[in-house]
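There are 2 protein chains.
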Amino acid sequence: MERVPVLKIGDILLVSIQVDMSDQTAVQLQEDLAERIVATGCHGVIIDITALDIVDSFVGRMLSTIASISKVLDAETVVVGMRPAVAITLVELGLSLNGIRTALNVERGMELIAATHDDDYGYDDIDEPGDQSTDTR
Amino acid sequence: MERVPVLKIGDILLVSIQVDMSDQTAVQLQEDLAERIVATGCHGVIIDITALDIVDSFVGRMLSTIASISKVLDAETVVVGMRPAVAITLVELGLSLNGIRTALNVERGMELIAATHDDDYGYDDIDEPGDQSTDTR
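In order, the protein sequences belong to chains A and B. Just so you know, the UniProt record's numbering puts 14 at position 14 of the first sequence, and the rest follows in order with no gaps. Just so you know, the UniProt record's numbering puts 101 at position 101 of the second sequence, and the rest follows in order with no gaps.
If you're looking for bench data, these hints aren't it; they were derived computationally from the structure. One or more of the hints may lead you astray.
Which copy is meant is left open, because identical chains are indistinguishable; a pair holds if it fits in one copy or across any two.
[Said to hold, decoys possible] The calculated lysine to aspartate or glutamate pairs, modelled on DMTMM-like cross-linking and capped at a C-alpha distance of 25 Å, are:
| # | residue 1 | residue 2 |
| --- | --- | --- |
| 1 | K71 | D118 |
| 2 | K8 | D118 |
| 3 | K71 | E111 |
| 4 | K71 | D56 |
| 5 | K8 | D32 |
| 6 | K8 | D20 |
| 7 | K8 | E107 |
| 8 | K71 | E31 |
| 9 | K71 | D119 |
| 10 | K8 | E111 |
| 11 | K71 | D32 |
| 12 | K71 | E35 |
| 13 | K71 | D11 |
This is chain A alone, in the form it adopts within the complex:
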């Protein structure tokens, strides 16, 4: 069985999808990612789909599921590297990538996650101890 590798880069997990996703590969990737998020405490998942010629409803659903799982584990998912033709087809097919944020490339995805994570600390964590102190970052 093919297994998609999950690479850790700083606070981010990077997945580059290059193989055709089977049911089994997709489930394995979801499990691997969930385990790595918990093990590493990463706050971002970047999924690169540069290599994909086609994003059908199966892949779309897989991406949505990964985004939902990551969200529960306090990690933001960004899909990057979508080809122009893929974007056009997605819209034509009426497939909306629910709950998925996109960015042009890995670097912009990293910026997006960094910005989102900062926002989270600024506005959402009002009940954390010590939150009233001045932000020293």
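We have chain A already, so just place chain B on it with the hints.
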């Protein structure tokens, strides 16, 4: 034809090899990498082989060729994510990865490239204009 995506992260190009490399895919990857190094001016290439069960002489030679091409274009190549079984087989087969540096994972590979690049500036660039001035980094 499968095409292995090349991802740019800061000063580094990242390639995650997941598919079986054919002659054509290997040549395409070498061309893509050489073009991207020139276009981006990146100083490091990280090749992740986590997904590879087998590194035979063909893949070994491809990695060596990529490292040599990158070197000519002033970029350091580091192979990361080698599985224990792959390392054992490589040694047993007597395949030495000529001119290839390895690191445990992507993050260590990045550190290695950053360190090498700093060294280069410290010792090798003796003929560059302004080199006599104090290093301000």
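Status of each hint after checking the structure:
| no. | hint | in the structure |
| --- | --- | --- |
| 1 | K71 - D118 | within (16 Å within a copy, 38 Å between copies) |
| 2 | K8 - D118 | both (20 Å within a copy, 23 Å between copies) |
| 3 | K71 - E111 | within (18 Å within a copy, 30 Å between copies) |
| 4 | K71 - D56 | within (22 Å within a copy, 40 Å between copies) |
| 5 | K8 - D32 | both (12 Å within a copy, 24 Å between copies) |
| 6 | K8 - D20 | both (22 Å within a copy, 23 Å between copies) |
| 7 | K8 - E107 | both (14 Å within a copy, 7 Å between copies) |
| 8 | K71 - E31 | within (14 Å within a copy, 38 Å between copies) |
| 9 | K71 - D119 | within (15 Å within a copy, 41 Å between copies) |
| 10 | K8 - E111 | both (16 Å within a copy, 13 Å between copies) |
| 11 | K71 - D32 | within (15 Å within a copy, 35 Å between copies) |
| 12 | K71 - E35 | within (13 Å within a copy, 37 Å between copies) |
| 13 | K71 - D11 | within (15 Å within a copy, 29 Å between copies) |
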